[in-house]
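Chemist: Chains as they are written, first to last, in my numbering: chain A, 1 to 255; chain B, 1001 to 1279.
Because the hints were derived from the structure by calculation, they are not lab data.
Hints may contain errors.
[As the list claims (entries may be wrong)] Between beta-carbon pairs, the in silico distance windows are:
{"no.": "1", "chain 1": "A", "residue 1": "162", "chain 2": "B", "residue 2": "1017", "range": "55 to 63 Å"}
{"no.": "2", "chain 1": "B", "residue 1": "1139", "chain 2": "A", "residue 2": "65", "range": "21 to 29 Å"}
{"no.": "3", "chain 1": "B", "residue 1": "1117", "chain 2": "A", "residue 2": "92", "range": "36 to 44 Å"}
{"no.": "4", "chain 1": "B", "residue 1": "1168", "chain 2": "A", "residue 2": "220", "range": "51 to 59 Å"}
{"no.": "5", "chain 1": "A", "residue 1": "177", "chain 2": "B", "residue 2": "1171", "range": "21 to 29 Å"}
{"no.": "6", "chain 1": "A", "residue 1": "62", "chain 2": "B", "residue 2": "1123", "range": "19 to 27 Å"}
[What the hints assert, rightly or not] Output of the computed footprint for chain B on chain A, the stretches with three or more beta carbons under 8 Å from beta carbons of chain B:
{"no.": "7", "region": "50–59"}
{"no.": "8", "region": "72–85"}
{"no.": "9", "region": "122–136"}
{"no.": "10", "region": "217–231"}
The structure presented is a predicted model; accordingly, all values stated were derived computationally and were not measured.
Just so it is clear, CB atoms sit at the ideal spot from N, CA and C, and this is done for glycine as well.
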Amino acid sequence: MKGRRRPATRFAIVVLGPLLFAPVGAHGQTLTSRTPDGKPNLQGIWQVLNTAAWDIEDHGAAAGIPAGQGVVEGGEIPYQPWALAKKKEHLAQSQTADPLSKCYLPGVPRITYLPFPFQIFQTPKYVAITYEYTHATRMIYLDDSKHPEGAIDFWMGDSRGRWDGDSLVVDVANFNDQTWFDKAGNFHSEALHVIERYTLKDPNTIMYEATIEDPKVFSRLWKMSMPLYRRLERNVQLLEYECVAYLEEQLRNPK
Amino acid sequence: MVQVSAQTAQTSPTFVAPRTPDGQPDMQGMYNGGDSTSIEPGINMNPTGFYDRVWSQDRAQAPAAGAPPAGAQAGAVRRSRTDSPDGSIPWQPWAAAKKKELREGMIGDPRGAKSLDTIDPVGRCLPAGVPRSNYTYGYNGYQILQPPGYVIILSEWNHMYRIIPLDDRPHVSPKIRLWMGDSRGRWEGNTLVVDVSNSNGKTWMDMAGTFHTEALHVVERYSILDASTIGYEATIEDPNVFTKPWKLFATLNRAEAGYEMYEYACHEGNRLLDNVLLK
């Protein structure tokens, strides 16, 4: 028995060694695992723990809305004057005008900080993110391919990624002008361009940053950032939130 | 082309799929295929006979609705999409009547529908469910990824996805009912076997009202037939609806090089809810 077991043990050390003896990341933090092709292992189920879904800026509480400190670096979104006025209009009608009230795809980055989990899968050529909310998906191409040319737009944009050291950097373009950043009516135009950075800070935390560019709406680039927390429940898996089914029910049985 | 290669694989079981880093037979890539107009033949869904014609053309032009049956001679083709020679489904009498009602509800202009319940859930942009998610529309693609420990199937139509863990974790609680069911997989040689339960009973298996209840239990077999073909076989069990378990066949064909799935924002562009509920 012992003779049989030993080769297996040796095999485990050889194969798992790189995973057990964790390499040290760019900023000195310890990364616990890497994928077979040596990239930081972002795989798993993640979720935010903040109030950005309601308002990405600082806000007090209201009925059904928890107070929260903003995730916008520098505090305020640098709107052009006309756009700030429009944002205020949106806020006043948020209950019905929020695209999520019609179960539309939330766009990027809003999908990241909805209060629902999402799962990251990695292969050498792709990072796929599947979201529990309305079964949204994103395919992030890592093959140096370009965004589609021409006037083609998507609710969730088109995502092309690359590894910058130990950060996954995703360039997201080809948006439509129909999504909001939050329930408070913060918005963008079809000129939106988002650059996301996913950096594993420790085994159970990803630091997430999204740089927002939209010269039609904002006076300069701005950035939001927040941690993504690994869901650690023993049996955690993505379930479903099928928004459209609930919208049907609402329309069938109006209050 | 594909039919020939599928049969070659069937008669020469020497095809060895490459392996992923964690040792799974590798079927990653982009695929096309499928049609969910009607599993059963003879479904004259509108006065012009349109769907019947689609069905027979489909069989004439692409007779390989599924891989040839086990033990078939080379050159055999499966003209039925089920394991019954005439393509029928073993309905219990009450269920056959209900299917007829659902199918007739699908006839004609949906704006005339009596109720949303007689309109195909896929037409309402709800998830296709299993097995239909494997053959929803021929004009949309599928992408299969195999990160360690999982098979992920992403469908272009309505951005559906399936996460199939390959470990031995149990199904979620029966209190949790899911549009896409709860999937658990394992490899048997070159075949991925997926056990799917926890259905919410609300999906149809085709446009013609092939329904089921929450008791649906599906065992799927994805067989890597050759480098470009996956044969799909689903054993469908629902003691509330069928007199016995039955099998459904489909094929996934590798898509042309460079195929990328685009966003299919189904609900966002759908006017059905407005037309039926708010008319």
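Chemist: State for each hint whether it applies.
Modeler: Structure-based check of all given hints:
For the pair residue 162/A and residue 1017/B, the beta carbons lie near 29 Å from each other, so the given range of 55 to 63 Å is not met. A hinted range of 21 to 29 Å is violated for the C-beta pair residue 1139/B and residue 65/A, which are about 42 Å apart. With their beta carbons about 37 Å apart, residue 1117/B and residue 92/A fall inside the hinted range of 36 to 44 Å. Restraint check, residue 1168/B to residue 220/A: a C-beta distance of roughly 53 Å satisfies the suggested window 51 to 59 Å.
A hinted range of 21 to 29 Å for the beta carbons of residue 177/A and residue 1171/B is inconsistent with their spacing of about 42 Å. Between residue 62/A and residue 1123/B the Cβ separation comes to about 38 Å, which falls outside the hinted range of 19 to 27 Å. Figure legend: the region 50–59 of chain A, annotated as covered by chain B; annotation inconsistent (0 residues with Cβ-Cβ distances under 8 Å, at least 3 required). Counting residues of the region 72–85 of chain A whose beta carbon lies closer than 8 Å to any beta carbon of chain B gives 0, which falls short of the minimum of three for the stated coverage.
Taking a C-beta to C-beta cut-off of 8 Å, the region 122–136 of chain A contributes 7 residues in contact with chain B, enough for the three needed, and the coverage statement holds. Beta-carbon proximity to chain B at under 8 Å applies to 0 residues in the region 217–231 of chain A; the threshold of 3 is not reached and the given coverage is violated.
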